[in-house]
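Colleague: Listed below, chain by chain, are the residues.
There are 4 protein chains.
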Amino acid sequence: MKTSAALSGIFVPNIVPYDDHGKINEEELRRIIRWLGEKGVTGYYPNGSMGEFIRLSYEERKRVLKIVVEEAGGRPILAGAAEPNVDLVLEMCKYCADLGCRAVSITGPYYYKLTQESIETYFRELAAKSPIDIVIYNIPAFANEITVPVLKRLALDCPRIIGTKDTSRDMPRFQTVLHEIKSQRPEFSVLIGWEELLCPTLFMGGDGGTLSSAGVAPEIIMKLYNEARAGNWDEAKRIQYRLLDIFSLMVNAPNFPEGFRAGYELRGFKPGRARFPLSDRELATVDTMRSRLACILADEGFSEAASSCRRPAIPAGEIRPADVEAIVRSVLTRLQA
Amino acid sequence: MKTSAALSGIFVPNIVPYDDHGKINEEELRRIIRWLGEKGVTGYYPNGSMGEFIRLSYEERKRVLKIVVEEAGGRPILAGAAEPNVDLVLEMCKYCADLGCRAVSITGPYYYKLTQESIETYFRELAAKSPIDIVIYNIPAFANEITVPVLKRLALDCPRIIGTKDTSRDMPRFQTVLHEIKSQRPEFSVLIGWEELLCPTLFMGGDGGTLSSAGVAPEIIMKLYNEARAGNWDEAKRIQYRLLDIFSLMVNAPNFPEGFRAGYELRGFKPGRARFPLSDRELATVDTMRSRLACILADEGFSEAASSCRRPAIPAGEIRPADVEAIVRSVLTRLQA
Amino acid sequence: MKTSAALSGIFVPNIVPYDDHGKINEEELRRIIRWLGEKGVTGYYPNGSMGEFIRLSYEERKRVLKIVVEEAGGRPILAGAAEPNVDLVLEMCKYCADLGCRAVSITGPYYYKLTQESIETYFRELAAKSPIDIVIYNIPAFANEITVPVLKRLALDCPRIIGTKDTSRDMPRFQTVLHEIKSQRPEFSVLIGWEELLCPTLFMGGDGGTLSSAGVAPEIIMKLYNEARAGNWDEAKRIQYRLLDIFSLMVNAPNFPEGFRAGYELRGFKPGRARFPLSDRELATVDTMRSRLACILADEGFSEAASSCRRPAIPAGEIRPADVEAIVRSVLTRLQA
Amino acid sequence: MKTSAALSGIFVPNIVPYDDHGKINEEELRRIIRWLGEKGVTGYYPNGSMGEFIRLSYEERKRVLKIVVEEAGGRPILAGAAEPNVDLVLEMCKYCADLGCRAVSITGPYYYKLTQESIETYFRELAAKSPIDIVIYNIPAFANEITVPVLKRLALDCPRIIGTKDTSRDMPRFQTVLHEIKSQRPEFSVLIGWEELLCPTLFMGGDGGTLSSAGVAPEIIMKLYNEARAGNWDEAKRIQYRLLDIFSLMVNAPNFPEGFRAGYELRGFKPGRARFPLSDRELATVDTMRSRLACILADEGFSEAASSCRRPAIPAGEIRPADVEAIVRSVLTRLQA
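Protein chains in written order, with numbering that gives the first Met the number 0: chain A, 0 to 336; chain B, 0 to 336; chain C, 0 to 336; chain D, 0 to 336.
Please note that the accuracy of each hint is not assured.
Partial chain A-side listing against chain B, Cβ under 8 angstroms, derived [claimed, not checked]:
1) Arg168
2) Met170
3) Pro171
4) Gln174
5) Leu196
6) Met203
7) Lys236
Mimicking DSBU-like on lysine-lysine, the simulated pairs with C-alpha atoms at most 30 angstroms apart in a straight line are [what the hints assert, rightly or not]:
8) C:Lys128 <-> B:Lys269
9) C:Lys22 <-> B:Lys128
10) C:Lys65 <-> B:Lys112
11) A:Lys151 <-> D:Lys112
12) C:Lys236 <-> D:Lys236
13) C:Lys112 <-> B:Lys269
14) A:Lys65 <-> D:Lys22
15) A:Lys61 <-> D:Lys93
16) C:Lys61 <-> B:Lys93
17) A:Lys236 <-> B:Lys236
18) B:Lys181 <-> B:Lys93
19) A:Lys151 <-> C:Lys112
20) B:Lys236 <-> A:Lys181
21) C:Lys269 <-> B:Lys128
22) C:Lys38 <-> C:Lys236
23) A:Lys93 <-> D:Lys61
24) A:Lys112 <-> D:Lys65
25) C:Lys269 <-> B:Lys112
26) B:Lys128 <-> B:Lys93
27) B:Lys236 <-> A:Lys222
28) A:Lys128 <-> D:Lys22
29) B:Lys236 <-> A:Lys151
30) A:Lys38 <-> A:Lys61
The hints are simulated quantities; they were obtained by calculation from the structure and are not laboratory data.
Positions of the beta carbon are idealized from the N, C-alpha and C atoms, including for glycine.
From just these sequences and the hints, can you work out the full model?
Modeller: Next up, the structure:
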């Protein structure tokens with residue numbers, strides 16, 4: 000077992016901006032990466048769920064990664080490498096290693112439901128052959144879960160597996176990982192992938208996070224992280240609760256990561272149209288959400304968002320679809336009588 | 000809205016001990032309640048999931064409650080009142096009020112899957128008619144969930160509804176309740192019902208908990224709670240991690256609340272056979288678990304558990320059913336050849 | 000193993016009508032049971048999910064059963080006996096036996112999540128002690144599932160367990176039960192509890208069903224059953240598809256069994272208010288549903304329903320809540336501008 | 000709407016055989032396709048879940064398709080085209096059209112959880128732009144479900160969408176699709192993708208199926224289909240129940256489609272190692288399964304499987320892991336005493 004320090008801090012999972020033809024807008028991507036660096040983020044996390052890795056071609060994923068490396072200014076990179084079969088994962092691992100990334104992050108396999116034994120075998124094979132350190136990415140909403148007993152055996156047996164990123168919303172699981180794995184291998188990195196749990200997991204002993212909101216509000220996430228690291232827990236908690244409103248708006252917008260892409264737009268970037276269509280009604284919902292988010296971001300002091308803030312005379316939140324439907328049905332009933 | 004302080008502290012959900020004929024062992028129940036009082040618990044929580052309320056008759060639930068009141072020594076009582084229809088819930092509310100309980104706790108309805116609108120209507124009707132304060136008990140694994148928007152409307156509209164107990168394991172939900180409800184109604188009590196989250200929820204602003212383990216190890220739970228209240232977070236965290244091992248053994252035993260009943264036995268009580276049968280193999284599993292739990296409790300200084308601690312020469316945890324099966328299959332294969 | 004014929008036919012799970020004070024309307028219940036007998040149903044199924052067994056007191060369940068027996072005119076009765084603990088189940092079994100019921104039906108336990116081993120032990124204990132034949136009732140949406148391997152062991156080991164009722168909507172499971180159990184024990188009764196699958200399960204070898212719709216449209220269900228038994232499969236299929244519309248309206252109304260209670264009303268009975276409240280908006284939804292159901296029932300020749308049929312000028316189904324909401328939001332937006 | 004006949008019959012989803020280096024074994028694939036043609040299957044279904052489409056590269060999927068077309072002998076081809084974004088799906092659609100395929104089959108998107116509105120928008124966009132007919136493939140275990148209301152709107156609005164394949168195991172859903180969609184558009188094809196439901200869905204009005212077992216036992220599937228089409232329902236049912244045993248063994252083997260690949264091996268093909276690893280223990284489990292399957296296939300008259308059939312002296316099915324574990328634990332306990 001190596002005795003080096005655990006990977007720690009905030010790694011930002013960037014979006015991929017597209018141009019009017021649906022191609023990657025490389026200049027805008029470069030601008031985003033540089034801007035995040037100026038805001039003081041720890042490192043980058045390209046080709047994650049936020050970066051729509053699954054909707055890019057293999058060549059596009061390599062291109063995104065190359066651009067991030069070029070603009071990273073030496074900050075460490077944790078690169079998504081959840082390719083569709085073992086050979087392709089290893090090919091991508093080699094590519095990441097050659098580019099000088101710090102580690103790769105690999106989800107449980109998606110689409111098929113697999114046994115935990117097979118999943119363990121899969122990660123053991125990757126750990127034995129990868130030329131770069133591996134972070135195991137648990138995101139059970141989208142891909143096969145990696146259970147704690149499997150993660151524990153992998154972590155204690157495989158030096159190449161240096162940490163885990165958890166996006167399961169499951170705080171008890173996170174604590175169990177700290178208690179059963181990190182207690183035995185202190186340099187194993189335990190990162191949270193869910194904004195709501197950043198402060199509680201740092202408090203309980205976590206090493207940091209990879210958080211989608213960090214691309215939209217890097218100032219807030221980094222301040223929370225730094226206050227927590229300095230032991231200023233009251234301030235960290237205060238920021239955590241403010242973060243809930245921002246995150247809630249973006250994560251509940253139709254079709255992740257649309258809400259976050261709207262957030263980038265408010266910070267002055269051109270995300271372009273995403274790679275999966277929304278209905279007209281959903282586009283309108285995102286517009287409404289963007290306007291509400293703009294007000295919160297403006298209140299946080301991000302002045303570039305202010306012009307998009309429209310505060311409704313009647314708060315939108317107080318109009319329930321149920322009420323609206325009842326009104327209209329009663330009108331229609333009278334019309335039909 | 001009242002301005003009184005929120006209900007806070009640790010309310011212990013007791014088991015119900017039975018005699019050899021399956022009847023409630025009243026003397027043993029009295030002994031348990033008095034012992035818990037001596038250990039300094041805040042209050043009691045009879046007729047919860049731990050108390051097998053659903054396996055008792057209506058008269059038995061009343062009897063349990065009466066005994067707890069008589070032995071409580073004036074400590075506040077939060078009484079389960081999840082009866083099967085509105086009239087019976089209200090009848091039980093009146094009974095609790097007459098006995099001087101502090102409040103009742105009511106789960107979402109069980110068995111049928113109901114709409115959130117109906118569940119809201121149900122709690123509004125109870126809140127309008129109950130002669131005693133109500134705590135809304137969210138336990139989605141066993142009963143219909145009460146969503147946060149419904150809980151929020153109830154909390155802000157109904158003075159009778161003074162708090163919530165959450166047993167969903169869902170830390171983000173807990174934080175949202177604090178952020179969206181308690182921030183607007185500070186005397187609304189937000190209690191955790193899941194041991195693993197006691198320290199994190201106290202840290203983020205929770206008011207306490209109703210925790211099954213508090214009946215088995217009241218010393219540990221109360222120390223964690225008191226250290227947290229005193230701001231000694233490092234000590235609170237340390238206790239939290241020790242608690243994980245105890246809780247994990249008991250909660251993962253076959254058929255809740257069997258594991259916890261075994262824990263009471265180790266502390267010197269006679270729980271008797273529960274009201275739902277275990278297979279012979281499961282009884283053996285509980286025996287093994289009890290022996291392991293005894294060692295942990297003995298290490299915590301609870302000397303009465305020491306005689307039940309049998310430390311295996313080969314740690315049981317290292318024998319995987321998978322390995323065992325493989326060995327035996329290979330033997331059988333050879334026998335059949 | 001007995002060699003008697005398997006329990007077969009259609010057993011009707013009745014509702015319980017209430018008077019204005021929420022008490023059981025005994026006269027109306029008698030009227031329902033007699034009417035069903037006149038319609039030629041095979042037998043009765045009191046104290047099932049449809050009969051809100053869980054919202055009645057123990058004494059009320061006994062009273063319902065007694066009334067059904069008195070009005071059954073000798074037709075066989077399959078009585079729900081899913082009481083909250085082993086002793087009470089056995090007490091109810093004895094009561095049913097004394098009244099001359101044909102068998103009892105027992106669900107998997109509800110509320111707690113139990114292991115399959117414990118559930119098997121539970122049914123073995125009941126089978127060993129019950130004075131009356133038992134049908135195992137699988138309804139995984141409301142109570143613990145009983146898996147096929149457990150059911151198979153129970154069916155092959157316990158003469159007292161004479162059949163199963165399946166309300167899981169799971170056709171492959173039903174076929175597996177026929178293939179693995181009934182093939183080995185032909186007099187084991189396999190009944191369907193889900194209307195949509197009546198014709199397919201009879202076709203594949205099932206013995207009949209206990210179907211909520213049989214209380215609202217006994218003529219249709221019995222005709223489907225009788226045509227199937229006579230081998231007139233084209234006619235049986237035709238009726239099955241007509242049945243889908245009736246069932247779909249009732250089962251999708253808010254809060255089962257509200258929709259079915261509305262159906263009884265259309266057939267001339269007074270169900271009274273159910274034992275769980277609906278919101279005002281949900282009451283309106285049930286009203287709309289009742290009116291649409293009335294038209295279908297009138298078309299089927301049930302003339303008593305005709306007066307409640309209101310055919311909308313604009314079909315209600317074509318007004319989507321989404322459209323309605325969009326319209327009103329645009330109006331509000333303009334008002335706020 | 001076109002008035003041509005609905006797509007009907009059995010379309011075989013082939014496996015992809017690999018050589019010792021993990022590359023596609025093209026000769027073996029050609030041999031499989033020709034053999035299936037000789038067995039009289041209706042058509043082919045390349046690049047489905049069975050064909051591990053998601054573990055192939057884009058170029059490999061095109062290559063598989065080309066080979067199938069070349070060996071199909073003019074039989075119709077329904078080609079999987081569930082590529083990761085709209086542009087790539089359309090590119091694959093054009094490729095399939097150019098090769099003369101009959102239609103493409105497209106699953107709901109996988110990985111991200113998407114709204115039904117977005118999914119509807121996605122399929123509308125594909126239907127508007129595709130140069131080839133589309134079958135909507137519902138497989139909720141692996142990809143986003145497409146609900147019946149969405150499917151209905153798409154089927155009634157989009158001439159390009161000519162049918163659906165359903166692998167949800169949900170018989171009521173299948174019947175609702177027939178009742179609400181096919182009744183309005185008779186040439187809309189409704190195919191089952193789950194072996195257990197082949198006979199019941201044909202009976203209720205389905206058009207055929209795409210069934211993994213059809214690659215292992217084309218004789219059985221085609222006989223069932225042909226007997227059903229000829230109205231010989233008793234024979235069709237008899238075959239259906241025999242099919243259950245074959246299917247159950249293959250579908251319950253670790254990691255779909257491993258069990259089916261083992262089946263191909265028994266019919267004389269060389270599937271090679273799959274593209275996802277199994278543990279050593281799982282490989283042994285597949286071996287045991289293969290041996291049991293060989294006996295059933297030999298009993299069906301497929302003589303090439305006979306040599307792999309090893310009938311155990313003690314039937315393996317009667318050794319429960321639970322029993323085995325109990326034995327070994329008791330031995331260990333005595334050893335440790």
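Colleague: For which of the previously enumerated hints does the structure constitute a violation, in increasing order of number?
Modeller: none
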